[in-house]
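Visitor: Be aware that the sequence shown starts at 455, since it is given in the working numbering, and climbs by one per residue.
Everything labelled a hint here was simulated from the structure, so no lab data went into it.
Hints are supplied without guarantee of correctness; some may be wrong.
Unchecked claim - When the alpha-carbon atoms are kept at most 25 angstroms apart in a straight line, the in silico DSS-like pairs for lysine-lysine are as follows:
id, residue 1, residue 2
1, LYS601, LYS568
2, LYS612, LYS643
3, LYS581, LYS533
4, LYS643, LYS568
5, LYS568, LYS505
6, LYS595, LYS629
7, LYS505, LYS473
8, LYS629, LYS612
9, LYS595, LYS625
10, LYS574, LYS629
11, LYS552, LYS595
As the list claims (entries may be wrong) - What follows is a list of derived Cβ distance ranges for each label pair:
id, residue 1, residue 2, range
12, PHE630, THR548, 30 to 36 angstroms
13, GLN611, SER525, 43 to 49 angstroms
14, ASN583, GLU490, 28 to 34 angstroms
15, GLU576, LEU623, 21 to 27 angstroms
Predicted model, so just to flag it, every value in this text is computed and none were measured.
Note that the Cβ used here is the ideal one computed from N, Cα and C, for glycine as well.
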Amino acid sequence: MLRNMASCSIHSIQINNLKSDNFNNWLFRLRAVLEEKGVLYCIQSLTSETKDTKFIKDDATAKNIIISCLSGTHLGIIKECTTSKSMIEKLKNTFQRKSVVSKLYLRRQLLSLKCMENEKLEIYFQKFNSIIEDLENNNEKLLELDKICYLLIGLPQKYETVITAIETLNKDDLKFENVTARLLDEELKMTSKNNENNDENAFIVCFKCQNRGHKAINCKYYGQGRGQGWTCQGDP
Numbered sequence: 455m456l457r458n459m460a461s462c463s464i465h466s467i468q469i470n471n472l473k474s475d476n477f478n479n480w481l482f483r484l485r486a487v488l489e490e491k492g493v494l495y496c497i498q499s500l501t502s503e504t505k506d507t508k509f510i511k512d513d514a515t516a517k518n519i520i521i522s523c524l525s526g527t528h529l530g531i532i533k534e535c536t537t538s539k540s541m542i543e544k545l546k547n548t549f550q551r552k553s554v555v556s557k558l559y560l561r562r563q564l565l566s567l568k569c570m571e572n573e574k575l576e577i578y579f580q581k582f583n584s585i586i587e588d589l590e591n592n593n594e595k596l597l598e599l600d601k602i603c604y605l606l607i608g609l610p611q612k613y614e615t616v617i618t619a620i621e622t623l624n625k626d627d628l629k630f631e632n633v634t635a636r637l638l639d640e641e642l643k644m645t646s647k648n649n650e651n652n653d654e655n656a657f658i659v660c661f662k663c664q665n666r667g668h669k670a671i672n673c674k675y676y677g678q679g680r681g682q683g684w685t686c687q688g689d690p
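Build out the structure end to end from the sequences listed, making use of the hints.
Guide: Shown next as structure tokens:
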């Protein structure tokens, strides 16, 4: 039974309703259903000129399937269409043009995506992969090297050393999964080193202000105190 809900389920294939960013995947699944029903030829070139009884019946089936896989929001686009082929052409003209705009927008998002200085790489990777997934849903698959380049461009300066090391990898090792693993290892090393430094600093006592956690040369209280008219211990 055909259903016009969040998705339509026709035998073994489930098709999510058409949205502005999933047209190519939607059409791929729809074509599979039409082929299973033996009516795919109805939306292919020149067949719409056929007026025999079989075509008319099959075309009605194809139209019904298409309509069942559209939300009420998009029915207005095809209401004037008289054949399944004209429905598909109308939807292509509407959504494939939007797909081009979406691709450009997502590419700009990818270029502008930056990992903040104190941001966890895991969070940055999630944002990055989300944009990649959106691009692939728009039938835009990036090459492995392009994905790596986009990923590295967004990293802060503190990863410069590991980025340089990654750039020297041979082609066989230059895989996206390998790169993300190297970056996560580097982040772990940085975190461990910072923790060690914090532990060491906890035992340091500034001889100027007598506070723990920093040396006299890095004492921010010393200069501040002098400017405010009071003297830290250890001043002449």
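Visitor: Would you mind marking each hint as holding or not holding in the structure?
Guide: Hint by hint, here is what the structure shows:
For a cut-off of 25 angstroms, the pair hint linking LYS601 to LYS568 stands: about 14 angstroms separates their Cα positions. In summary, the hint linking LYS612 to LYS643 is supported, as the alpha carbons are separated by about 12 angstroms, within the 25 angstroms threshold. Between the alpha carbons of LYS581 and LYS533 the distance comes to roughly 39 angstroms, so the proposed pair goes past 25 angstroms and is violated. Of the supplied pair hints, the one linking LYS643 and LYS568 holds, its CA atoms being roughly 21 angstroms apart against a limit of 25 angstroms.
For a cut-off of 25 angstroms, the pair hint linking LYS568 to LYS505 is broken: about 58 angstroms separates their Cα positions. With a C-alpha separation of about 15 angstroms, the suggested pair LYS595 and LYS629 falls inside the 25 angstroms cut-off, and the hint holds. A distance of roughly 32 angstroms separates the Cα atoms of LYS505 and LYS473; the hinted pair therefore is violated under the 25 angstroms criterion. The hinted pair formed by LYS629 and LYS612 meets the criterion: a straight-line CA distance of about 22 angstroms does not exceed 25 angstroms.
For the given pair, LYS595 sits about 20 angstroms from LYS625 by alpha-carbon distance, which is consistent with the 25 angstroms threshold. Only pairs whose Cα atoms come within 25 angstroms are accepted, and LYS574 paired with LYS629 is accepted, the gap being roughly 21 angstroms. Proximity of LYS552 to LYS595 is assessed by CA-CA distance (about 17 angstroms); at most 25 angstroms being required, the pair is judged to hold. The hinted window of 30 to 36 angstroms between PHE630 and THR548 holds, with their beta carbons roughly 34 angstroms apart.
At roughly 47 angstroms, the beta-carbon separation of GLN611 and SER525 lies within the given 43 to 49 angstroms, and the hint holds. In this structure the hint that ASN583 and GLU490 lie 28 to 34 angstroms apart at CB holds, the actual value being about 33 angstroms. Between GLU576 and LEU623 the Cβ separation comes to about 22 angstroms, which falls inside the hinted range of 21 to 27 angstroms.
Of the numbered hints given earlier, the model fails hints 3, 5, 7; all others are met.
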